[in-house]
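Engineer: Spelled out from the first residue to the last, the chains are:
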Amino acid sequence: MKPSDLAAGTVLILLGLYTLFVVLPAQTSATGGIGLAPRDLPALATLVVIGLSALLVVQSCIAKLPGRASFWPASWHETLTMFVGFALALAATLAFQFVGFIVGGAVLIVSIMLFMGERNWLRLLFTPTVVVGGMYLFVTRLLHVTVP
Amino acid sequence: MEAVIAGFGAALTPSNVAFVGLGVLLGYVVGVLPGFNRPTALALAVPLTFYMGPISGIAFLIGISKGSATGGAVSAILINTPGEASSAATCLDGYPLARKGRARSALLIALVASVWGDIFATLVLIALAQPLSRVALLIGPVEICAVLFFALTFIASLSGASLLKGLISAFLGILLGTVGLDAETGTPRLTFGQAELFDGLPLMVIAIGVLALSEMIVQMEERGQQQGTPLATGGDRLRAHEIRACVPVILRSSLLGTVLGVIPGLGASVASFLAYSWVRSTSSTPERFGQGALEGVAAAEAADNAVVPAGLIPLFALGIPGGIAAALIIGAFMIHGITPGPLMFLNHAHVLNAIYASMLLASVLMFAFGYFGSGLFARLAQLPLSVIVASVVFLCIVGAYIEGGTMFGVYLVLGFAVLGWLLRKFDFSYVTFLIGFVLTPTLELSLRQALILTDRNPYALLQHPIALAILAVTALAVWRMASRRRAVTGLATS
Numbered sequence: 001m002k003p004s005d006l007a008a009g010t011v012l013i014l015l016g017l018y019t020l021f022v023v024l025p026a027q028t029s030a031t032g033g034i035g036l037a038p039r040d041l042p043a044l045a046t047l048v049v050i051g052l053s054a055l056l057v058v059q060s061c062i063a064k065l066p067g068r069a070s071f072w073p074a075s076w077h078e079t080l081t082m083f084v085g086f087a088l089a090l091a092a093t094l095a096f097q098f099v100g101f102i103v104g105g106a107v108l109i110v111s112i113m114l115f116m117g118e119r120n121w122l123r124l125l126f127t128p129t130v131v132v133g134g135m136y137l138f139v140t141r142l143l144h145v146t147v148p
Numbered sequence: 149m150e151a152v153i154a155g156f157g158a159a160l161t162p163s164n165v166a167f168v169g170l171g172v173l174l175g176y177v178v179g180v181l182p183g184f185n186r187p188t189a190l191a192l193a194v195p196l197t198f199y200m201g202p203i204s205g206i207a208f209l210i211g212i213s214k215g216s217a218t219g220g221a222v223s224a225i226l227i228n229t230p231g232e233a234s235s236a237a238t239c240l241d242g243y244p245l246a247r248k249g250r251a252r253s254a255l256l257i258a259l260v261a262s263v264w265g266d267i268f269a270t271l272v273l274i275a276l277a278q279p280l281s282r283v284a285l286l287i288g289p290v291e292i293c294a295v296l297f298f299a300l301t302f303i304a305s306l307s308g309a310s311l312l313k314g315l316i317s318a319f320l321g322i323l324l325g326t327v328g329l330d331a332e333t334g335t336p337r338l339t340f341g342q343a344e345l346f347d348g349l350p351l352m353v354i355a356i357g358v359l360a361l362s363e364m365i366v367q368m369e370e371r372g373q374q375q376g377t378p379l380a381t382g383g384d385r386l387r388a389h390e391i392r393a394c395v396p397v398i399l400r401s402s403l404l405g406t407v408l409g410v411i412p413g414l415g416a417s418v419a420s421f422l423a424y425s426w427v428r429s430t431s432s433t434p435e436r437f438g439q440g441a442l443e444g445v446a447a448a449e450a451a452d453n454a455v456v457p458a459g460l461i462p463l464f465a466l467g468i469p470g471g472i473a474a475a476l477i478i479g480a481f482m483i484h485g486i487t488p489g490p491l492m493f494l495n496h497a498h499v500l501n502a503i504y505a506s507m508l509l510a511s512v513l514m515f516a517f518g519y520f521g522s523g524l525f526a527r528l529a530q531l532p533l534s535v536i537v538a539s540v541v542f543l544c545i546v547g548a549y550i551e552g553g554t555m556f557g558v559y560l561v562l563g564f565a566v567l568g569w570l571l572r573k574f575d576f577s578y579v580t581f582l583i584g585f586v587l588t589p590t591l592e593l594s595l596r597q598a599l600i601l602t603d604r605n606p607y608a609l610l611q612h613p614i615a616l617a618i619l620a621v622t623a624l625a626v627w628r629m630a631s632r633r634r635a636v637t638g639l640a641t642s
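Which chain is which? The protein sequence lines are C and H, in order.
Under this note's numbering, the first residue of the first sequence is numbered 1, with each subsequent residue one higher.
Under this note's numbering, the first residue of the second sequence is numbered 149, with each subsequent residue one higher.
Note that these hints are calculated values from the structure, not bench results.
All C-beta atoms in this analysis are idealised placements derived from N, C-alpha and C, irrespective of residue type, glycine included.
Check before you lean on any hint, since a few could be wrong.
Unchecked claim - No farther apart than 16 Å at their CA atoms in a straight line, the calculated lysine to aspartate or glutamate pairs in the EDC-like style are these:
| id | chain 1 | residue 1 | chain 2 | residue 2 |
| --- | --- | --- | --- | --- |
| 1 | H | Lys573 | H | Glu369 |
| 2 | H | Lys573 | C | Glu78 |
| 3 | C | Lys2 | H | Asp575 |
Stated by the list, open to error - Simulated restraints on C-beta separations:
| id | chain 1 | residue 1 | chain 2 | residue 2 | range |
| --- | --- | --- | --- | --- | --- |
| 4 | H | Ala608 | C | Gln97 | 51 to 59 Å |
| 5 | H | Tyr199 | C | Trp72 | 38 to 46 Å |
| 6 | H | Leu491 | C | Thr146 | 35 to 43 Å |
Isolated chain C, as found in the complex (with noise of 0.2 Å):
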């Protein structure tokens, strides 16, 4: 069992206790339904997965840890991407939202495939042109969509 199991179960059942007796009390309602009421099926999913979770924990502290595993499972060059992808997608859909839909949608692809190592100025150019033209066509002619 690796490390990271460990960490991940041990977050489950943190994460697990706070649903179940902050979030579900003031969410949901104990009362009402005939069989089931609202909280009841959340409240076993919970349970079930802090169950689990325990189950998870114990299995990792009983395994053989492999000297060099980690608790977090990415490389730091994996965690980086995922970074700069998320920050990447999120700067893109506030553009979306705020400067419109052509704008921020060629800012995102030519930022993602400048990232990603692409440096062909004609591929920069001629994507996000195919891509977002098509693409607003499509939404905006065919399916009537009103977009930012």
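Since the structure of chain C is provided, determine the placement of chain H on it from the hints.
Structural biologist: Same frame as chain C, now just chain H:
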């Protein structure tokens, strides 16, 4: 019989033929492009079906599923990179064949095997789904509840690195599936005062985030890498003795793929590798496999493609998705007010017949596109990963916006992309997470009815021997798989 003819009539309208064709073509492109997979494409395509009729919408999605299963062979054979994970077995003999200058033969046999496997499994679906649904109608909520637990446990044990993690994912999915107004009392659950959540978390938003966007973020890790250069497709021809050798292989592998496709959670990758191993182990010349044996390509492709229609059997007959594609197709059914399951054969028989006809039409179109478009698809396989990833991320954001028409869904997608990334990295099954989420309304309804029927008395289960048998099989399956896993882990450690 009249209903079947009417179904063909509805399926052969110009608009439906166009949508099926578009679906197959898009599926082909998705299959050919390494890094862009079937679940991603389906997650992005489901919101579009809102603007189509039910028959066209479902047929469009099934076209994508079928096309991608076939298209995956092109990049597997030409650049040794499977467009779909399930085409990995095709690389084993497809690429050596291409290196020997036999790319054209490998592509042709892959296409024929794919189309035959697909047609065979579609016919089995048509023959089996309705009789199975009649049996399903005879069982009550206690039994349905037991079947759902069996399906979830089975999928959890097969689709991830660990049964425990698979089950945790499934119950996390169920927890998120309870968000929204309670179906019986109408009181809000876990909505945090957001009116947008009263209808629950949209399946498509979760699918786009967990499947598509998180997959693209993982693909970004491969930055700086370019696809290989495809080998030429011209030149050789298939010989009669090679075709004769492949025919029994295609028939056996189609049958194997169909049987494995019906079992929830196994998926196309298992089927294609099993079929490949089966054919190699029963061959009189097993040493040819891995060096460029056409039978290897035929076995992998026939089984891979048979899984797609066969995976719809539990969905159509019982309302239980056997895999990620079926779970996403449920979303399209729901958009059009159709609940997959045994009642669908009573309430929406005309839609089903038209879907069956569309599936057969898709098989014919698959052959046509594959036969005449192999040169074009070979060029597509050269597209740089940066172009694919950037375009798909943009499509994810547009798809989330189209689904709800507001930015709320887009922000939810970003959140679920991070969750999807964490699930992948920590080796939790996102497949069971999504299936748990999809099954929640059915599970809650049947659990509620079962509790009322049994008056919360566990001994009342004794009056439901079928449910007891299913629960016993579930426990036995869990025990068997856990002990097998322990044995495998022990072997790996030693």
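Engineer: Decide, hint by hint, whether the structure agrees.
Structural biologist: Comparing the hints with the structure gives:
no., hint, result
1, H:Lys573 / H:Glu369, "13 Å, holds"
2, H:Lys573 / C:Glu78, "9 Å, holds"
3, C:Lys2 / H:Asp575, "10 Å, holds"
4, H:Ala608 / C:Gln97: 51 to 59 Å, "54 Å, holds"
5, H:Tyr199 / C:Trp72: 38 to 46 Å, "43 Å, holds"
6, H:Leu491 / C:Thr146: 35 to 43 Å, "37 Å, holds"
In the structure shown, no violation is registered for any of the earlier numbered hints.
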